[in-house]
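A.B. asks: Listed here are the chains, written in short residue letters.
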Amino acid sequence: MSSTPDNSWKPTASLAALESRARQSSYVRDFFAARNVLEVETPALASHGANDLNIDSLRVDLAPLPQVDTLKGWLQSSPEYHMKRLLAAGAGPIYQMARAFRNGERGVRHNPEFSLLEWYRPGFDDLDLMAEVAALVCGWLELPMPERLTYREAFRRYSGVDAFTASDSALAQKCERWVGTELAARLSRDECLDLLLSHEIEPALRQLPPTFLCHYPASQAALAKTSVSEDVTVAHRFELYVEGLELCNGYWELTDATEQRRRFELDNQSRQAAGKPDMGIDERLLAAMESGLPACAGVALGLDRLLMLKLGTRDIAEVLSFPVERA
Amino acid sequence: MASYSTNEFRSGLKVLLEGDPCIILENELVKPGKGQAFNRVKLRNLTTNRQWERTFKSGDSLEAADVIDQEMEYLYTDGEFWHFMLTDGSFEQYAADAKAVSDVLKWLKEQDVYVVTLYNGAPLSVTPPNFVELEVVDTDPGMKGDTAQGGTKPATLSTGAVVNVPLFITIGEVLKVDTRSGAYVNRVKS
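Going line by line, the protein sequences match chains P and B. Residue 1 is where the first sequence starts when you use our numbering, and the numbers rise one by one after that. Residue 328 is where the second sequence starts when you use our numbering, and the numbers rise one by one after that.
Think of the hints as simulated: they come from the structure by calculation, not from any bench. Only a predicted model underlies this, so the values are computations on that prediction, with no experimental measurement involved. There are no misleading hints in this set.
Derived EDC-like pairs (lysine to aspartate or glutamate); straight-line CA-CA distance at most 16 Å:
# : chain 1 : residue 1 : chain 2 : residue 2
1 : P       : Lys-276   : B       : Asp-387
2 : B       : Lys-384   : P       : Glu-176
3 : B       : Lys-384   : P       : Asp-190
4 : B       : Lys-384   : P       : Glu-182
Here are a few chain P residues that face chain B, going by a calculated C-beta distance under 8 Å:
#  : residue
5  : Asn-54
6  : Gly-104
7  : Arg-106
8  : Val-179
9  : Leu-183
10 : Glu-191
11 : Leu-197
Glycine is no exception: its CB is placed at the ideal position from the N, C-alpha and C atoms.
Chain P on its own, in the form it takes in the complex (with noise of 0.2 Å):
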């Protein structure tokens, strides 16, 4: 009798791949150290995930235990939350590389266990903290620092159309070459922003060096302040795209604390109507923010990412010691 053998038990990163992930974690401590940025862990596994309509948290069901009123838990998407409390704690600027997962997500850029680099800065605007993030990036990646381009002009640019003041029906038309006529008169707005976003401005980003794209529509707000630049609501969200590949999302961030349960509670209803887990109001996140969240800019930060870029990969696996298959 013969049989395949099976290699699935070896990891699919080379050793030099570990050996650099290894110095890429030294470089990033280093590079906060220096900043007096102080290390934190909090928890992977809690009692609300994230309200986003399109992140899928990993559902945990727990045993019952003493003093935990939910048996019912959820592995962090980003360990966003929990940072937020340590800041109106009074931690002051915190960073921790995390474990985060996302349910669903497996490609050549995606695996649902991945690691996060995510960090806060009291007292920064989306301004400095992109400043931030380049001297990071571009100092491990030894790239030219990022240029910044908006959102509003990406799209005029890239796909030849407004996307704050375009009509749903104008979007819609823009994406029939891609899904069809019958997904794209289904898709909502911000899905075709999306969809525009993957498939026009990312490939056009692969050709330029690293950007900074910036001022999000106020639909795509997620956690983020608001305000009106060139007439438009924009978001103070920015991403970084190198060599087209989305490294990091970045937000000056929302303190108010009544305004944010108005978005969880919008998050809600539009989970809903997708069909998906209503994910609840993490109450002591709120509670935080009232008792007062510092002004501060934050940002996530793909680590298995920063490592393809650093290794020229193509193939998030090659990075990885063990992606979900093999794990």
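Position chain B against the provided structure of chain P, taking the given hints into account.
C.D. replies: Coordinates of chain B only, in the frame set by chain P:
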């Protein structure tokens, strides 16, 4: 009818798209971190053989196409249909129309075994083996002495296929031909 959700998409899966059976060639997840996930899929339309690129919203599904590949022996043609028989011992026969055999016609030899793709139980296409052996029915006389130069000449095979062959090949010889490239491989000793 069964259907497949985008998270079940993988290469080789056969699905119905706009009424046509298609095979999935590639499937890529694209998702802005905070945004809607999409699957960018490359497919080949099995009816037209044309390649499509189409994006789906993650979580959507496509109906499965009742498409299966079966090994069958080619029996004969009556001029309108080309008749094949399952090699599994069942002797079950299938009639393929001109459209289904159009690509394979020049490699079709009685008693050879082909892969017949059935869609809803009827032959949709026929794929030849990678190599077939066919007899030369017409070619210019062999020119001795030119072999060193590696020159070639056209030769017509028993099925009507025309392939470029070395100058020493003569009528009546049996040749091994690569059906993927249409290239001569070697002479077969008979």
